[in-house]
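Protein chains in written order, with the working numbering: chain A, 1 to 357; chain B, 358 to 771; chain C, 772 to 1061.
Among these hints, one or two may not hold up.
[Stated by the list, open to error] Mimicking EDC-like on lysine to aspartate or glutamate, the simulated pairs with C-alpha atoms at most 20 Å apart in a straight line are: (1) B/613 / C/819; (2) C/970 / A/71; (3) B/430 / C/819; (4) B/396 / B/572; (5) C/959 / A/74.
[Claimed, not checked] Chain B is nowhere near these chain C residues, computed Cβ spacing over 12 Å in every case: (6) 789; (7) 802; (8) 804; (9) 806; (10) 844; (11) 897; (12) 993; (13) 1015; (14) 1025.
[What the hints assert, rightly or not] Cβ-to-Cβ under 8 Å is the rule here; a few derived chain C residues that face chain B: (15) 834; (16) 892; (17) 894; (18) 898.
Hints listed in this document are in silico derivations from the structure and should not be mistaken for laboratory results.
All residues carry an ideal CB built from backbone N, CA and C; glycine is no exception.
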Amino acid sequence: MSALSVQDIGKRFGATPVLSGVSLDVAEGEFMVLLGPSGCGKSTLLNIVAGLEEPDAGRIVIGGRDVTRVEPRDRDIAMVFQSYALYPTMSVRRNMGFGLRMRGTSRGETEALVQEAARLLQIEPLLDRRPSQLSGGQRQRVAIGRAIVRKPAVFLFDEPLSNLDAKLRAETRAELRDLHRRLAATMLYVTHDQVEAMTLATRIAVMNRGVIEQVGPPQEIYDRPASLFVAGFTGSPPMNLISGEIVAREGQAIFQPDGGGPALPLPEACRPGKIILGIRPEDVSDPLSLPEISRWIPHILPLRMEATGADTHVTFAWGEARITGRFKPAVTEKNVVPVALDLAKLSLFDPATGLRI
Amino acid sequence: MKSILWAALALFCLAGTAGAQTPPTAEVLHWWTAGGEAKALRVIADRFQAEGGRWIDNPVAGGGGDAARTVAKTRLVGGKPPTMMQWHLGLSLKQLAEEGLLGDVDEVAKEGGWDAALPALIADNARYKGHYVAIPVGIHGENWLWTNPKVLADAGVSVPKTWAEFDAAAAKLKAAGVIPLALGGQGWQQVIVFNAVVLGTQGPGFYRKALVDLDAKALGGPEMVAVFEQLARIKGFIDPGATNRDWNEATQLVIKGRAAMQLMGDWTKGEFAAAGLQPEKDYGCDASPGAGQAYLVAADALAVPKLSDPAQRRGQLLMAKIAMDPKVQRDFSLAKGSVPARRDVPADGFDACSLKAMEKVRNSPDILPALGSSMGVGAAEAGAITDAVAQFFASSMSPTQGARTLRDAIDAIR
Amino acid sequence: MRLHRRDHWAALLVLVPTVAVAGLFLFGFALWSGWISLTSSTLLPRYDFVGWLQYQRLFAMARWLTAYRNLLVFGVLFIGFSLGLGLLLAILLDRKIRGEGILRTIYLYPMAVSFVVTGTAWRWILDPSLGLQETARGLGWASFSFDWLSDPDRSLYTLVIAGVWQSAGLAMALFLAGLRGIDGEIVKAARIDGAPVWKIYAFILIPLLKPAFATAGILLSVTVIRSFDLVVVLTGGGPGFSSDLPSRFMVEMAFRRDQLGLGAASAMVILATFIAVITPFLYAGRQRAR
Ligand SMILES: Nc1ncnc2c1ncn2[C@@H]1O[C@H](COP(=O)(O)OP(=O)(O)OP(=O)(O)O)[C@@H](O)[C@H]1O
Ligand SMILES: [Mg+2]
């Protein structure tokens, strides 16, 4: 039985559909990340799970109980918001204890639970401050503390790290993962940051325009994107997408990119026709760093180089298409050619549906 | 504010041009800004200019003269007085004179025979230590009973001549379903009724003792209790909507026939005239019950500040001559609805009500200061009496308590 | 913000005339009134010294005592009801009830008119022989009675009614702006924390409106002191002087009854009261700003 089950949820604001037919199962103790670009409906879905918005269609089941028409307070959930949403007029202590007090927990017990959560998050010295007297990172911890103190069945996070600077974000990310392990809690976490998604998730659900395009473990999302959207949205730089045509030549399927350029022999048989070929930048590299059996060395020329420190990105012209490869930082203009593609890592998409073939 | 600036500007001009050739100049500070009043002042201004004077009009509207008087006081004390300023005859005028802020126009007064032409009360109050410090231009009377003849006739009553008759008539009117007495529940209106009752039930002698001399025995005596007994009866003849009603709204009740009578000063005539009604035909104007020939008055006047500029000084003298000219006095009063301060002005042109008033001003031995006129008691004392009367009207206190409240109020102020 | 030294001086130079004029008018006149209140001035200012005599006379006057008590009663009720009603309306609008447009118009419209207009309108409405009472009786409800305007024990409350009608909209606008400025996620967090709507308002949102309360409180306090026109037009201080307020008393004494000293003494008492009332509000505002 899954801890949280989102079933066929539909939601529109006025005439614009924001969510359509969204279904998602989150297993007990799972860290599910909902990944998607801004405005795709992530927060809306999270609000519906929390009971802050009513869905137009579908059901929400938490712990086997249909809670679609249940008030937020009775759903056994806690939520951490992007803006932290701490109560400005209350001390950290009262902020964290507020939910317990509202549920009739005694003063003494509340105090004990707040202390325990504060110890876990190492915010004990802050308990008597006001939110305005805290740094952004400290506020974030308090917001998390307010959520964990109630020990809910499901935690909901709505982009909780996006207001932190890069360093703090990385640290907090690690702590969140740690926390997840220690609490063994079920979490549904919304973000538009793929790095966050990749590092935190046990599974990722990629969302686009109110639809979930793919659900799976991070590596699978990365290696085998189910659609052009997922392919383009994950990875940095994202997957190279090259449109072209498959033709059969001498019993072999050949990929011919639009606008000419070297034709690529496909390792498997394929139906001829228009196609989009995808390949991750790390699979476009120095021939020596790729497996010999699956590599293919086309004659294409570099256009520009971009050093990021850890590695250098080189862009090549392949017909009309531009493809980016990832090289060791030592690479120079002179030794960037020849370049190889790892044919074992190809993804093929149907340009009509955008889906993986 | 604007008028103060304007006046200051005018002063600069005056200072710069003062000299032998400068025409007589008068900067006149006043609050005669509404219809008839403004027209009345024009009479004086036109004549002044016709005789070669330079007229600088300085009207200060607001607060029923409060604003103008405050400006005037400030300028007097600050040593920059206007040439002439509107003021009421009476104690506050004398107070200004006492402070040495006023000059006089004795030369013109002697020449014009003012002493003989003016009623004694008016002349006394225009003089300070024998000097004329103000020019009286018109007299207003306060104790009038205004009636709607049709309403009276319908109820089968005639204009009451005494307060006993008033009570009887009012009872009949009330039974007939009209408001017997239209009254605005504002202190100054209630005190007009009070004055009329003091005068009409206890006579002019008592009125003088109680409300001019503030004689403690008169204020605390049984006569005053009787006055409050009459007031208590009157309270039964007014309607509950009187609270804070303006005097002209009360007049409208009489005009429309919803009420039969109103006790109010002669300015009420303007309200009837504006409704297109004729005196003694469409509405009645009679002495308040029991008053007979006794007349409670207030006087409009122009005070004469002390100043040194020769052109303005000549302006003051010319103004004195003009404002006391019988023809100007007549036209002024015709426009304003008052009667002339002079007793030798031809009576032609005045309406029936004004003729009644002129008759009294000329021949009655009992020309008495209205309470609010400042010719009898000061503003502080008049205010204290007003408060006491208003309190009596507003509460259910007994006539004895009313009389005691009145006496206490006077005691507190002294 | 830090200014450069030279800008600082330029700014000061620009401000000097304004500050000087404001200082002269506010403190100069206050000081002058204070001085006059210690003299025997009547029609004209007189610079003798009589100590606290005018204050003794003032507090021996029934009319002043009534006016002063009325100020306190009126002030408390007016400010209280304006804040209360304003808050209630703001919350209703914030809850997006139906008819928001109508409500807003009804309550914001009075702000656009002066106390004179408000007072006149309410005098007609409350006039026992013209308005509400007569209308209700005309409709057949013969026993209906609403004659507070002519009841010396109640006329003060008509001022409260008219004043609240006039000013609740202002309070509502301030509170509504305050509520709309609060991060919506805070409300969501509170709902998830299990707080019922009234507790969300009571414990979280209303405490956040402290600055709006301070602003509204100061503005309403000023209105109380300035309510001169309302009294003059609506009740004229009557019946008798049962609904008189100190501002009217002061004008009456200083400018009509030739008792400058007494008027100045009443002005000083008004000023002291005003300062006493407004300080907590200012303090609340300051505290919030830190
Ligand atoms: N109350 C609302 N009324 C109308 N439209 C809304 C409302 N709330 C959200 N929307 C619209 O619904 C869509 C999805 O909004 P949502 O907040 O769920 O996006 P999101 O994926 O959380 O984006 P972000 O990453 O920027 O937070 C957006 O186009 C938004 O404009
Ligand atoms: Mg969002």
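Hint check:
1. B/613 / C/819: violated (55 Å)
2. C/970 / A/71: holds (15 Å)
3. B/430 / C/819: holds (18 Å)
4. B/396 / B/572: Roughly 41 Å separates the two Cα atoms, so the pair is violated.
5. C/959 / A/74: Given pair residue 959 of chain C, residue 74 of chain A holds - Cα atoms ~14 Å apart, limit 20 Å.
6. 789: At about 18 Å from chain B, residue 789 of chain C clears the 12 Å cut-off, so the statement holds.
7. 802: holds (17 Å)
8. 804: It holds; residue 804 of chain C is separated from chain B by about 14 Å at its closest Cβ, greater than 12 Å.
9. 806: holds (15 Å)
10. 844: holds (17 Å)
11. 897: About 9 Å separates residue 897 of chain C from the closest Cβ of chain B, which leaves it inside 12 Å; violated.
12. 993: holds (21 Å)
13. 1015: Answer for residue 1015 of chain C: violated, closest chain B Cβ roughly 9 Å.
14. 1025: violated (9 Å)
15. 834: holds (5 Å)
16. 892: violated (14 Å)
17. 894: Check passed: Cβ of residue 894 of chain C comes within 7 Å of chain B, closer than 8 Å.
18. 898: At about 5 Å, which falls below the 8 Å cut-off, the nearest Cβ of chain B leaves the hint on residue 898 of chain C intact, so it holds.
Of the numbered hints stated above, those contradicted by the structure are hints 1, 4, 11, 13, 14 and 16, listed in ascending order.
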